[in-house]
Amino acid sequence: GQNIDQPTEMTATEGAIVQINCTYQTSGFNGLFWYQQHAGEAPTFLSYNVLDGLEEKGRFSSFLSRSKGYSYLLLKELQMKDSASYLCAVRDGAGGYNKLIFGAGTRLAVHP
Amino acid sequence: GAGVSQSPSNKVTEKGKDVELRCDPISGHTALYWYRQSLGQGLEFLIYFQGNSAPDKSGLPSDRFSAERTGGSVSTLTIQRTQQEDSAVYLCASSPIAGPGGELFFGEGSRLTVL
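Chains F and R, in that order, are what the protein sequence lines are.
Whatever position you read off the first sequence (first residue = 1), add 1 for this note's numbering.
Whatever position you read off the second sequence (first residue = 1), add 20 for this note's numbering.
Fair warning: there could be bad hints in the mix.
[To be verified] Facing chain F, from chain R, some residues (calculated, C-beta under 7 Å):
{"no.": "1", "residue": "34"}
{"no.": "2", "residue": "62"}
{"no.": "3", "residue": "126"}
[Unchecked claim] In silico lysine to any residue, SDA-like type, Cα no more than 20 Å apart, as pairs:
{"no.": "4", "chain 1": "R", "residue 1": "77", "chain 2": "F", "residue 2": "95"}
{"no.": "5", "chain 1": "F", "residue 1": "82", "chain 2": "F", "residue 2": "113"}
{"no.": "6", "chain 1": "R", "residue 1": "77", "chain 2": "F", "residue 2": "94"}
{"no.": "7", "chain 1": "F", "residue 1": "58", "chain 2": "R", "residue 2": "123"}
{"no.": "8", "chain 1": "F", "residue 1": "77", "chain 2": "F", "residue 2": "57"}
Read the hints as simulated data drawn from the structure, not as lab findings.
All C-beta atoms in this analysis are idealised placements derived from N, C-alpha and C, irrespective of residue type, glycine included.
Please construct the entire structure, taking both the sequences and the accompanying hints into account.
Below is the structure:
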C-alpha cells in the first residue's frame with residue numbers, strides 16, 4: 002500500500018521562503034511529483050523527482066531522498082498568488098502499474 | 021481543444037439515480053486517471069487506464085462505481101444508485117507516457133451534488 006504525509010496548513014509572509022515537507026511509504030516507488038492547486042481549479046504540475054537531489058525551476062525547487070522516503074518543495078520570494086494547496090504525489094509501480102497517489106495536500110496562505 | 025475536457029461541469033442529481041461523467045483526454049495520451057476530491061480534501065485515486073492493459077480499479081470505493089475507456093481515448097465514469105457521500109468533484113487526468121515520469125494534465129472536473 003501507500004502512505005503519504007504532508008502538513009495540513011502553513012502560513013508565510015510575502016517575500017519569504019517556505020519549505021513544504023512530504024514523507025511517503027510505497028512498495029514500488031517510481032517518482033515523486035508536486036502539484037499546485039488554487040481553490041476551485043484543477044491541479045497543475047510543478048516538479049518531478051525520480052533521483053536523489055534537488056531540482057530547481059525558477060522560484061520553486063524540489064528535493065528527494067529515496068532512502069528516507071522524504072521530499073520537500075521550496076518556494077522562494079513568496080508572492081500572494083502562491084497561496085494555494087500543494088499536493089505531493091508518488092508514482093507507485095507495484096504490480097506493473099504506475100498509478101499516481103496523492104497526499105492530502107498542504108494549504109499555504111501567504112500574508113502581506 | 022488542446023486540454024483534457026470533462027462533462028458535465030456540474031451535475032445535480034437525486035439520491036438513487038445513476039450518473040455518467042465523461043472525460044476526453046489529450047489526443048495521443050496513453051494513460052488516463054480518475055480521481056475524486058471532496059471539499060477541502062486531497063485527491064482520492066479511483067481508477068487508472070494504461071494503454072490497452074487491464075485497468076487498475078483498486079481505488080473504486082464500491083461496486084456502484086465503474087469506468088470504461090473506449091478505443092483508448094474517451095472514458096466514462098458511471099456511478100449507480102448515487103448516495104449523498106458521492107458528492108464531490110470528479111477529476112480526470114491524462115498523461116503522455118505510461119511509464120515513469122509523464123506529468124498528469126487535469127481537466128477542470130465534474131462537480132457532482134447528490135441531494
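- Does the structure keep residue 58 of chain F and residue 123 of chain R at a Cα separation of 20 Å or less? holds (15 Å)
- Given hint residue 62 of chain R near chain F, where the shortest CB pair must fall under 7 Å: holds (4 Å)
- Item | residue 77 of chain R paired with residue 95 of chain F [C-alpha distance capped at 20 Å] | This hinted pair holds, its Cα atoms lying about 14 Å apart.
- Message: Under 7 Å is the threshold here; is the Cβ of residue 126 of chain R close enough to any Cβ of chain F for the hint to stand?
- Response: The hint holds - residue 126 of chain R has a Cβ within 7 Å of chain F, the shortest such distance being about 4 Å.
- Should the hint that residue 34 of chain R touches chain F count as held when the rule is a Cβ pair under 7 Å? At about 25 Å, which exceeds the 7 Å cut-off, the nearest Cβ of chain F leaves the hint on residue 34 of chain R violated.
- Query: Is the hinted pair residue 77 of chain R and residue 94 of chain F satisfied, with a Cα-Cα distance of at most 20 Å?
  - Reply: holds (15 Å)
- Message: Hinted pair, alpha-carbon criterion (20 Å max): residue 77 of chain F, residue 57 of chain F. Please report holds or violated.
- Response: Given that 20 Å is the threshold and the Cα spacing comes to 11 Å, the pair holds.
- Query: Do the alpha carbons of residue 82 of chain F and residue 113 of chain F lie within 20 Å of each other, as the hint requires?
  - Reply: holds (11 Å)
Hint violations for this structure: number 1 only, all remaining hints satisfied.
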